[in-house]
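Once you've looked at the hints, dock chain B against the given chain A.
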Amino acid sequence: MNPVRKQRLIVVLAVFLGLALATALAVYALRQNINLFFTPQQVVSGEAPVGTKMRVGGLVMEGSVVRDPDTLDVTFDVTDGKGTFTVHYQGILPDLFREGQGIVANGTLVSRERFEAEEVLAKHDETYMPPEVQDALEKAGHPGARKDAAGS
Amino acid sequence: MWNTLKRWYHQLGSPRYFYRFADVVLPWLWPLALIILAIGLVWGLAYAPVERYQGDSYRIIYLHVPASSGALMGYIAMGVAGLVCLVWRMKMAEVMLKALAPFGAVLAAVSLISGAIWGKPTWGTYWQWDARLTSMLILLFMYLGVMVLQSAIRDPRQAARAASLLALVGVINVVIVKYSVEWLNTLHQGATLNLFSESSINPAMKYPLLISMLGMWLLYAANVLMRARAEVLSRERRSGWVRKLVEGH
Chain A
1 MNPVRKQRLI VVLAVFLGLA LATALAVYAL RQNINLFFTP QQVVSGEAPV GTKMRVGGLV
61 MEGSVVRDPD TLDVTFDVTD GKGTFTVHYQ GILPDLFREG QGIVANGTLV SRERFEAEEV
121 LAKHDETYMP PEVQDALEKA GHPGARKDAA GS
Chain B
1 MWNTLKRWYH QLGSPRYFYR FADVVLPWLW PLALIILAIG LVWGLAYAPV ERYQGDSYRI
61 IYLHVPASSG ALMGYIAMGV AGLVCLVWRM KMAEVMLKAL APFGAVLAAV SLISGAIWGK
121 PTWGTYWQWD ARLTSMLILL FMYLGVMVLQ SAIRDPRQAA RAASLLALVG VINVVIVKYS
181 VEWLNTLHQG ATLNLFSESS INPAMKYPLL ISMLGMWLLY AANVLMRARA EVLSRERRSG
241 WVRKLVEGH
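Just so you know, the sequences run in chain order A and B.
Just so we're aligned, residue 1 is where the first sequence starts under full-length UniProt numbering, counting upward by one.
Just so we're aligned, residue 1 is where the second sequence starts under full-length UniProt numbering, counting upward by one.
Worth flagging that the hints you see were computed from the coordinates, not collected in a lab.
All C-beta atoms, glycine included, are put in the ideal place defined by N, C-alpha and C.
Possibly wrong hints are sitting among the right ones.
Unchecked claim - Pair ranges (Cβ atoms, derived):
{"hint": "1", "chain 1": "B", "residue 1": "25", "chain 2": "A", "residue 2": "141", "range": "51 to 57 Å"}
{"hint": "2", "chain 1": "A", "residue 1": "88", "chain 2": "B", "residue 2": "147", "range": "46 to 52 Å"}
{"hint": "3", "chain 1": "B", "residue 1": "129", "chain 2": "A", "residue 2": "49", "range": "15 to 21 Å"}
{"hint": "4", "chain 1": "B", "residue 1": "183", "chain 2": "A", "residue 2": "83", "range": "20 to 26 Å"}
{"hint": "5", "chain 1": "A", "residue 1": "91", "chain 2": "B", "residue 2": "183", "range": "46 to 52 Å"}
{"hint": "6", "chain 1": "B", "residue 1": "179", "chain 2": "A", "residue 2": "90", "range": "35 to 41 Å"}
{"hint": "7", "chain 1": "B", "residue 1": "23", "chain 2": "A", "residue 2": "136", "range": "48 to 54 Å"}
{"hint": "8", "chain 1": "B", "residue 1": "8", "chain 2": "A", "residue 2": "95", "range": "48 to 54 Å"}
As the list claims (entries may be wrong) - Partial pick of chain B residues on the chain A-facing surface, computed with a CB cut under 8 Å:
{"hint": "9", "residue": "52"}
{"hint": "10", "residue": "87"}
{"hint": "11", "residue": "192"}
{"hint": "12", "residue": "201"}
This is chain A alone, in the form it adopts within the complex (with noise of 0.2 Å):
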């Protein structure tokens, strides 16, 4: 290769490469900020505040969904294996809201163990599967029917 070009293209190199490690550091330093929610573990440990206005992630615990029969008030706990709590919500959930799914919910936390969610949002995991492909999975008690529960 011929040395100007040589110079040129360990400049370049040098220059992507310190931008690249800057923005890696920036994005580190800045990851808190960045993520969109609190997992239940960071809630339970004291991580998350109380009483300021935050999102909170987790799954759904499995019976754990209470609705009120007169009000649109329903409760459910969410977890992620490492701590757990009750989240608080008053209006209409999204569809894809169920029992053992992701969600990520927009509120305040008033104790380790409530959260008043303003706004609850269905977090989708990357699975794509025809109900008839669940059902017989399902049927054979294969553990790729719970995949949905398992990880998010």
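Frame of chain A; chain B shown alone:
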């Protein structure tokens, strides 16, 4: 193999040869891209099975994923063109840099809009300042930035040099788009299609998706070749072969 690639590189680096190449390829590439894209879209939108939780609303994946993947790959190609442009000062790299941006910007916009339309029925919101969504918005701005920078500087060679720096630096953002869902907590789910491990999508849904992706990439390629061909003609308008070409017709 290496020598063939090297010969191609040098031949396609010549504007005149590139013009002939594009002229031969384009009449085939356009219909091929449109047919493949149509097959993928019709198969996916009408014949693929419904999803167990999302029902029919998941079908927008057949537009969303091809557009997003096209926008990301196009930007990487633009970054490579930028590097070649900065280091080797190759004319065709400048042309490609200019030709890659517009359709890439369109695809990034399609990805954002289709994602918002998909987000409302599934997540319950059109938009969240989630790392994946925000970095994709930045990708759109990078595309627009490259285009604007090119048109803001009159001298095409200077314009290309400025734009290639922006194109190259923006590649960092592509990495953030790709890995944001793994490194950070996001509303957007992780990758479904994996090159090196099993994809978590049912085959009956996957094949139409792969076909529409291929169709979209070919459509992008056809668009880039067409734009590059026009750009070559405009840059080489004073050269003998273009004059001959114009007078010959």
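Outcome of the hint check:
1. For the pair residue 25 (chain B) and residue 141 (chain A), the supplied restraint of 51 to 57 Å holds, since their beta-carbon distance comes to about 53 Å.
2. Remark: the range hint 46 to 52 Å for residue 88 (chain A) to residue 147 (chain B) is upheld by a beta-carbon distance near 48 Å.
3. Roughly 19 Å separates the CB atoms of residue 129 (chain B) and residue 49 (chain A), a value that falls within the hinted 15 to 21 Å.
4. Evaluation of the 20 to 26 Å hint for residue 183 (chain B) and residue 83 (chain A) yields a pass: the beta carbon distance comes to about 21 Å.
5. Restraint check, residue 91 (chain A) to residue 183 (chain B): a C-beta distance of roughly 32 Å breaks the suggested window 46 to 52 Å.
6. Between residue 179 (chain B) and residue 90 (chain A) the Cβ separation comes to about 37 Å, which falls inside the hinted range of 35 to 41 Å.
7. The hint said 48 to 54 Å for the Cβ distance between residue 23 (chain B) and residue 136 (chain A), and at roughly 53 Å that hint holds.
8. Distance hint check: the CB atoms of residue 8 (chain B) and residue 95 (chain A) are about 51 Å apart, consistent with the given range 48 to 54 Å.
9. Because the closest C-beta pair between residue 52 (chain B) and chain A is about 4 Å apart, less than 8 Å, the hint holds.
10. The restraint placing residue 87 (chain B) at the interface with chain A holds, with a minimum CB-CB distance near 5 Å, inside the 8 Å limit.
11. Below 8 Å, beta-carbon pairs count as interface contacts, and residue 192 (chain B) has one with chain A at about 4 Å; its hint therefore holds.
12. The beta carbon of residue 201 (chain B) is positioned within 8 Å of a beta carbon in chain A (closest approach about 4 Å), and the interface hint is therefore held.
Checked against the numbered hints above, the structure breaks only hint 5 and satisfies the rest.
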